[in-house]
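Single-letter residue listing:
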Amino acid sequence: MTTEVGSETEVKKDSEQLGPDKAKDKPEEASETPGDQKSRETSSGEAQDSSVPAPTNQSSPSSQKKEKSSPESKGISRFLPPWLKKQKSYTLAEPKDEPKKKATGEEQVVEESESQALEGVAQPRKSLEEATENRQNAKAGDREKHSISSAEIQPSKEDGKETEVEEVAEKKEEKQEEKRETKEVQTAEIKIDNIPQKSPKKIKTVQCKVMLLDGTEYSCDLEKRARGQVLFDKVCEHLNLLEKDYFGLLFYENSEQKNWLDSSKEIKRQIRSLPWIFTFNVKFYPPDPSQLTEDITRYFLCLQLRQDIVSGRLPCSFVTHALLGSYTLQAELGDHDPEEHSSDYISEFQFAPNQTQEMEEKVAELHKTHRGLTPAQADSQFLENAKRLSMYGVDLHHAKDSEGVDIMLGVCANGLLIYKDRLRINRFAWPKILKISYKRSNFYIKVRPAELEQFESTIGFKLPNHRAAKRLWKVCVEHHTFFRLLSPEQPPKAKFLTLGSKFRYSGRTQAQTRQASNLIDRPAPYFERTSSKRVSRSLDGAPMGISDQSLVRDFSATGGQAAGDKIIDLEAAGRAKLKEGGREEDESPLKTPQLEFTQDGKNSFLQLTHIHPSSLPIHPVSSHLTYLSPVPEIDMLSDISEEDPFEEPLLTIPDISECSSMEQTSDHKKTGTASPINSLELRPLASRGSPAVEGKIRTNDYKSTELCVSFSFFRCLSFSFRSLLDEDGYITFPSLPDVCISFLPPGLQHYIPITSPSFIPSFLLVFVLLLSAFQSIPFSLTFSLPLALSLCYLEPKVTSFSSSSGNDLNDKAEEEEVEYEEEEAQQKISSLRVDGENIYVRHSNLMLEDLDKTQDDLLKHQASISELKRNFMESTPEPRPNEWEKRRITPLSLQTQGRHASRAEGPCTGVSDADKPPVVKTEMVTISDATQRTEISTKEIPIVQTETKTITYESSQLDGNAVGDTGVLVSAQTITSESISTTTTTHITKMVKGGVSETRIEKRIVITGDADIDHDEALAQAIKEAKEQHPDMSVTRVVVHKETELAEEDED
Amino acid sequence: MAGLGGGLAAFGRCTHAVVRALPESLCRQALRSVAGPEVDLARAEREHQLYVGVLRGKLGLQVLELPADESLPDCVFVEDVAVVCEETALLTRPGAPSRRKEVEAMKRVLESLNLNIVEMVDENATLDGGDVLFTGREFFVGLSKRTNQRGAEILADTFKDYAVSTVPVHDSLHLKSFCSMAGPNLIAIGSSEAAQKALKTMQQMSDHRYDKLTVPDDAAANCIYLNIPSKGHVLLHRAPEEYPESAKVFEKLKDHMLIPIANTELEKVDGSLTCCSVFINKASEL
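Protein sequence lines correspond, in order, to chains A and B.
In terms of our numbering, the first sequence is residues 1 to 1052.
In terms of our numbering, the second sequence is residues 10001 to 10286.
Since the hints were derived computationally from the structure, they do not count as laboratory data.
Each hint should be verified, as a subset may be incorrect.
Using 27 Å as the maximum straight-line C-alpha spacing, the simulated DSSO-like pairs for lysine-lysine come out as follows [to be verified]:
id : chain 1 : residue 1 : chain 2 : residue 2
1  : A       : Lys209    : A       : Lys268
2  : B       : Lys10160  : A       : Lys258
3  : A       : Lys387    : B       : Lys10200
4  : B       : Lys10160  : A       : Lys387
5  : A       : Lys432    : B       : Lys10197
Not the full set, but computed from the structure, chain A residues with beta-carbon under 8 Å of chain B [unchecked claim]:
id : residue
6  : Pro315
7  : Ser317
8  : Phe318
9  : Val319
10 : Thr320
11 : Ser390
12 : Asn414
13 : Asp421
14 : Leu423
15 : Arg424
16 : Ile425
17 : Arg427
By construction, the Cβ of each residue, glycine as well, lies at the ideal position given by its N, Cα and C atoms.
Bound conformation, chain B alone:
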């Protein structure tokens, strides 16, 4: 049934993924929360190609890859500019002014997919897709430096079927910097105090009880769960080389198909796994 996402059975289903190539400007100009080592562009590109390769080759998704735009150093992080749920896509108004133009390319590609497109036009609203956690039942929106109340309200107006709860996010860039969905009812969460606090908030706000998967590293808690018809539960998570302890935790998910993916370079500019893609489920065309 198409209605309301068909419940949890459909959670994680997707047919299409939108990604965007890395611009060279990323190395020097991408926004970053902490100064650190420079991004190795070549390595970053290899990792990204691998990422896209997994989505396309291994999982058989139709990957729509947008070309890089040198004027938009952060454009690889497509997640922040669109929130897609079922047939509706909300084009966001990213919190960082330098990123607002990223939306345009995304709009074109989503239009080509015949989604109902809602644009966030309110001048006072900001929302980064990285602050939006969709659990299959409801939305949690992190109120961070990048996302404000108004942005969350517009999200709530866009996806009226779902409860939208707000979660304060203080210490990290985005809500999804330390959590993500690792299964239909499973939230992967980092161990930091801030992460645990946010989880408590989410648990309190929700009528549902989620299972949680606590991983030692906050960054590793950002993983990608997909439900691919021929493959079942698929989980893209950070490679053991990067976060060995967290990887061990993921490896215990016996009924998930686990795909470790390295993301060492983009992580330097606050990039995580979910940041680099927007997933769309267009399978059930009537």
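Just chain A, same shape as in the assembly:
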């Protein structure tokens, strides 16, 4: 056949020509991996940002705190009952006056007092005075603690009365140790974490055991109140491990249920009654172990994987078992030595769940071929092969799908995998997932609409129980954060009495830990590789089959640092981002949590009825009710409802007007919110109005402000507050015992949901509301009961309604959720890196993909083909931004000069002219219409042709953002709301320029839809709405940016 021959030779020639090129390309490809570099640059930039303010953070809190605490108590104390004064004032004053102080520290204080309260409950006979005394002791203790921590080394001079000498000694010892730790790691967090340890009273130590990966056991004494971090740090120190972010401590509730110890929480609150026995494990399996810095880290990863393999968690084929086994032998025994290694030397090792003679022979055979490999090289080879296994790093959870079919949910670095038996039946990459949540024992993911779909879909899975659902949720939150984000997300804003976990991953992300480990500068530590037969002994890591719940999310010393980093991040980087954003009108939405805040505002009332059934001990209702009457409580309660006394002082800063305007903005989003809640929620916002406080846009600090309030509230009620907070710090209420039902007439039992878990919160809420409104206890009590009951009665109906609607309403029913605003995450990433490039989101996508590819040696192989293919093939990136996404992410700053007036010009001008207030003169009109063909020459970047049009209207009042704003950024806030076709992002920036404060509200309205939507009308509507929402503000700039995707052209 002639054609055949002809084409063959041609092709041959071609391939020959290409040969050298290809060869050339490859190394470049391998060495460059642009995405990777970029990510490093970015993260390094970030890390620099964050490292700068660290020292201040470190030094300020403890010393300041001590001095300030007493004088400041005055302002607020008048609102407090005398017996509460000290404590309360202390905690409340803090956020205001010590902005730089570590949030953790504050939280600590709160928690401590909580536990005091708990004690009170535990011994109800204790007189009130005694309790007060206790608190004062605690207070004194507090101060002393701080003084100690500020001095750091000084032995405690005056311990609380009840402290025993013995314990003091112990404490000192511990302090010494901590000092060492701190020195080594140099973090602020650690110190603060340790503060509570030196608490003056009743220091008790607990022995705790940690099973290490090499099968040995590490034991140490821990102060009873120690946080997970302390233990984790100790363990890592013991192991001489620096890259610890990949690891964590596990405890087992039973042989099945493993929980990660949360390093930011007290251990004892996580494991409850279980013995303090933990297992040191890999928590995040690095997709590319070769990127780990130290051999010792790889070694521990190897140990973990060997366990995983032997236990069957990581299935592999016969050949792979043999190969991995042979590397293990090489790493631990060195070169095969026929004399030394007699025939059965292998059977001492375990390589597979069921090891056969045949396998051992194969292992031995392969072992001989590894001659010359150093242990570290053998480990690396081991990892190179293990990482390709399909179940590598997949954390499996049993579940059922909506039809009740048994499935497994696997959480991994890239997303969520769904397995049925051994088959993968679905996969949701992180970019695809918009939100994860759980309610009761259900776990939900909200998935981005597919290319042709318009609506997001929510997919539910049924977990065996509530705890399992929560565990899965947490693992997802952590994995997403660790692998997908550059820096940890902020926990959601605390809201008064709101539900929903504040749990967020607080450790370092992979990007951060890589960054950090680049800085590791120590000679490779010597460590001894232990024989893997010991590994086999400790098999699947389930020791004793006891334990409770927790999560390691922080990593010891590094974790401490991480927390430090984070603060700074938000502070410095956030500010930087904002400024940048201001300049180029690139409104990188700042914080997701704020976003949620808005939503919560919307839903807060409803949400309150959705408190999940508590897994905590049930308290008889009487114990609460009896404490409802004492007078001081009422004061407290009214304090809460009319928070003005607290709020006003905070607001008497220059930007009070701005605060109100801010409130306004957020207000319009909150419909039907009960006012006290509303204002309470706003408080942290308002408090941020002061420049001083701004730096604290961080995690726990919400908690501190808010918790103080809610805490005191609860203590008045003599609630065991702690029992209301589960280990995530969110509030759970016990259900009333079923006995209560028997008090009701049998006929009513069905209808009155007295045992509903929502009953108590509803009751309390209603009570508080009524009380604040009428100032009369009897009245409030009388009415709150029926009201609460009716709320509870309605709850299931609302829930079922909202979950069935499957759309946005669903949010209300959801208990805990994390919004994955991927665009935002990505913008966060890219705004640091790419300036005003309209494809930047995709860029960052690719960055991530690049990493993957690098890891998988993918680039090398595709380099040559892909270049050619690019010319004629549409490559579909997997998380391909759809129309909607693309529009949404287009930065407004993109202005393309064009020749023609755009199609949109006419109507738009009309609209905006009509809608603008008289003060606004439209001065500059840039109309551009450019058909941009964005052809990106990187292989992985999809060729997407878009048509963009940008029209800018600007008033003379303000020169847009063109002027380099030298003002001081006071606060910034981003709120996003979505309807079907529009997404509104409200970005509020407050600046102080030369004493004059200025609030700028940038609203970005993204109208999405197909051609049949009238964009112009939608735009007009949006502008009108925006104006109505802010009648007191003037429109200074309108940028219309239109982007249309052109149909892909056929290459041929």
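Mind docking chain B on chain A? Use the hints.
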């Protein structure tokens, strides 16, 4: 490195190919999804000889040719009875009962190659090799009339190193009726709606991103990619006479050695290029 296929570098490597001669019974008795013109046996044999000739002569593979069995009209389609990956071969339980006996001859020949042989004995399982797409990183198994969930599970148990994802296949006989691998990271895919949908499913299920090569004709998307040490990327694809538009697309793969092969006759009985061979890589004997 032998481990885990040595990554993508080894994808498409092979030393041996198993093929089987056409029985005369094929013309009348072979299973076919749509009635149509009768198979011209002589022409079918010529095409098949050419096919084998390319593998043996041009590519230098050791071709093990099984004799035809008249009682097994479909026996030429050896792909369906065995899935070979690295050192392991899974002998399938074909979805069509009439084809189950085809496995025996395949078993013998694979045993002679010293592969680890796994047999699908589960009565409830069916699997046709034509529904199995191995990408070098993972398996996709089409759930079709011929292949069921259980069969896919057994495949997953056999090749534990790899992820096995299932893809619903409705409109065509096999998953590979409209797609195949055309390179280490390149999936050739037909343009039909069903094909594109299946591709989307695969893309969603995979942690990896594959490039795709879209060809106008579904049948032409079934091609054979091989990586022959002395020849580099080799691609056997349908001849331009059969599918001119699709052939044009293949011709743009500049660094592939392209070998057009006609398959007009066997196509009438749902045969495609990959159907007629099983490839084995035994080169790296230790």
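Give me the numbers of the hints this structure contradicts, sorted from smallest to largest. none
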